[in-house]
Structure formats: structure tokens, C-alpha cells
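For the record, the sequence lines run as chains A and B.
Here the working numbering is used: the first residue of the first sequence is 1, the next is one more, and so on.
Here the working numbering is used: the first residue of the second sequence is 1001, the next is one more, and so on.
Don't take every hint at face value.
Below, computed lysine-lysine pairings styled on DSBU-like, alpha-carbon distance capped at 30 Å [stated by the list, open to error]:
| hint | chain 1 | residue 1 | chain 2 | residue 2 |
| --- | --- | --- | --- | --- |
| 1 | A | Lys118 | B | Lys1135 |
| 2 | A | Lys99 | B | Lys1007 |
| 3 | A | Lys118 | A | Lys99 |
| 4 | A | Lys6 | A | Lys118 |
| 5 | A | Lys186 | B | Lys1135 |
Derived from the structure by calculation, the hints contain no laboratory data.
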Amino acid sequence: MTPDAKILSALRAHPAGVPGAQLAEVLGISRAAIWSRIEELRRLDYDIQAGPHSGYRLVRSPDVLHADDLVARLGRTRVVGRDIQVFEQTASTNDVVEKLARDGVREGAVVFAESQSKGRGRLGRRWISPARKGLWFSVLLRPQLRPPEATQLTIVSATALRRAIQAVTGLKPDIKWPNDILIGGKKVAGILTELSAEVDRIRHILLGIGVDVNLDAAELPAELRQTATSLKQEGGQMVCRAELAVAILRALDEDYARLNAGRFPAVADEWEAHCVTIGKNVTVLMGDRTVRGRAESLDDDGSLLVRTEHGRLERIIGGDVTLEK
Amino acid sequence: MDLKDIKAIIDLMKKNSITEFELERQDSKIKLKRGLSGGASAVQYDEPGVPVIQTIAAVPAGPAAPVATGEIEIKSPMIGTFYRAPSPEAGNYAEVGTEVGADTVVCIIEAMKVMNEIKSEVKGVITQVLVENGKPVEFGQPLFKVRPN
């Protein structure tokens, strides 16, 4: 941890305040150096008050993503979030992490951007990512799986994301097959998973995650307002992005650990329990082919089994799924 | 046995609701299966419900298996949907005649929103594109033919 991360970590651990002398001792630097670090944090809009008896006290944190602060809030994890970077702006966080992956960076690295100029979804679709309104980030993983098993990460990431959003907001998110997060039938978060693999082994997986946190309806393009929403719109109040970010990383770390410990079926059960697609009439667009029918169940590998109008059972592994009202 | 014979057998299978057919001769052996789409058995098929043709002496799964002509097949490492371009508006990664290196991306296979960029793994020229954009592919299904150089 950097000195700033250590200071923020100590301040959060002691809401009533920490004496400067104690901070200096913990960090192994002088009280004057502590004071100058505190001044630096104040310039970043951290409201830190100092009293003769209570010492330094963190009153309010700014609504920015600050790597040191995220590290301080997150604490120790097994894999996810071992390294965190925050960019003010980037084209796409997946592109940044892809480069890290090629440079051999270890798994668990996370890159956030306050805004993305070319945020994208699958097949080059644009992902609206306005500054400081959401969480736009990517996670680097190097699972010991064969390429066809990479779909397990779709299930792991959707399950973790759903659980974290519920824990922080109290809202009741659903999963639309395979990994969209919906609240009240509208999309609030999406995941783009990009795989780099050899014949029999995965080089790396990038999880690109976008969560619409504090966007107002007016900030969404008109054509998306019927199908997309934000946590603020659904819950009626601003959500602390840093707190949500940390909750998501922690949940991802837990579910990735479950996968690595051979407990993937438990994750898949949790995913299935919240998959709102089952039992619905769906339209699936695959290239120029359309399948209509009722989503009956999930196969063992997570693919969707759809009973078509002609009574045939279709196994859906890709494409665009639309839920009929 | 040629394609016409196989078609005739398929028609008979359909008419009589036969799901499996196997025939062994001195020089060849074929096995036909009709079934659900996306099952694990398919080597090659067009549409669900259309019979799946499976040759018994199929080349083992795995990319870049040599074929008789000295050309190399790029095979799908997983079940999924085949995309020739990064987005509907973008140009295709590879066309017939495209020069590819080992690291050249030739297509994307998508399975459950996992986008897998498939690399050629071999240096050469694309001579055939074997699958249409947006179609489902099976594990081990040939996607492209490459003439190595």
C-alpha cells in the first residue's frame, strides 16, 4: 500500500479520529510528512478535519475513484484487486488491460476509468460511459481452464456483480441470460468478456464491466431509456461509487475463489436462482437466424434451452436474447 | 457414394423418422444423425432439424490440422457463434486471399458472451472460408483453409 492508502485505511478504521503521532508511527514517516500527505488528500477533496485531541478525522470522501482509496477500502483479497489503477479518461478499459495482459501482468489487476471515449459492448456496440456517473472497469484473470470452459467466467462474473449490487443498494437485481443485470426489467449493468486462448489453454480473460450508477434518465440516449436504467433512478438516491466498486471486486474475488476451489456448481446454482429468463417467451437473434420460443431451463454448461413454436428444443449458446413482455 | 446418395438417404430418414443411420463399405463408412441443434455430435450442419453428417474417420479436433491438399484448417476451439468481423459495420477479419501470420485474428467465436478472437496460428494465405457469418459452430469444426507459405 502507498502512504495515502495507509492513511485512508487508518482514517476509515477510526471514524472518531487518529492522532498524527499514531499515523506517523504506523507509516514510519515523520508527523510533518503525514501533515503534507493530509494536505494533498484535502486538495483531492477529502474533507479531513484535525482536532487537538481526536487527531485527524475523515468527514467526507469525494465522489471520485482514487486508486489509493480503493485499495484502502478493499483491504486484502486473494486475486481480484491486487493491483488497481484509475484513469481519468481512456478509450476503453479492456484495451488498457489487454495491454497489461500482453506485458505479462499477473491476474487480478483492475483498471477503472472515470470516463471512456470508446466504451464498447459486444460486437462493437457503444457503451455510454459519462464521467463519474458509473463504474467502467476491467479485470484481468488467468484461470486454469480449457477454452470451452471460459463460459464459466460469464456465470461467475454475473453472479458476483448481482450480489454486490444488491448488498450495497438493497435493490433486487435479476440476471438476464447470460450476464446482463436488470432491475425492474431494465438493464443496469453489462459485462463484456474477451478471451485470449491457445488450443488447449487460456492465456487470459478480460472482464469488462459497466455499471450505470448515478446516471439520470436524461443522460441516457433517448432510444435506450425504455430498456436501460441506473441504480440512482431505481433506488431514488445517489450510490457511493467507491463503495460499490469495492463490493463488486470483493464479490468477484469470492466467486473466482469458489471456481478455483472446484465449487463452480454452487456459483451456477446462485446464478440460476436469479436468472429471470427461465419461463419467459424469448426471441433469439443469431446472425440472420431468429429463434422464438419459451426458455425452459439451463443446460449444465449454462446454455439456454428454448422450446420453439414447433416443439423443438434448441440449445442457445450465443446471440441476442430479447424477453417478450 | 456421392452427395446425391447421401441426400436420398437423408430424405428416407426424414420420411421414416429415423434418427441414426450407419453404412459400412469396403472403402468408406458413413454415419448420419438427425437431432437437436447445437448438440455435441455435429461436425457440419446448416440449420437445426437438418441432418448432421458425420464421417467416422473425422480428423481429431484441434486447430490447424493438416488436410490432404497440404492446406491447413483453422478449427473452432469451442462451441459458439462464428463472427467474421468485430462489429456488423466493420470489415471482415479475413477474406479468401488474405495473407495471415500466426497472430492474425481471423474471426470471433462467441459463447455465452465470451468473445474469443481466433488467431490463424499459421503463416499463409486464406484459401477458403468454410462458415457463414453468424452461424453456430461446433468444437473442432473447420472454419478456414490456409495455404501455408
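Each hint, compared with the structure:
{"no.": "1", "hint": "A:Lys118 with B:Lys1135", "result": "holds (28 Å)"}
{"no.": "2", "hint": "A:Lys99 with B:Lys1007", "result": "violated (50 Å)"}
{"no.": "3", "hint": "A:Lys118 with A:Lys99", "result": "holds (16 Å)"}
{"no.": "4", "hint": "A:Lys6 with A:Lys118", "result": "violated (34 Å)"}
{"no.": "5", "hint": "A:Lys186 with B:Lys1135", "result": "holds (28 Å)"}
Violated hints, in rising order: 2 and 4; the structure is consistent with all others.
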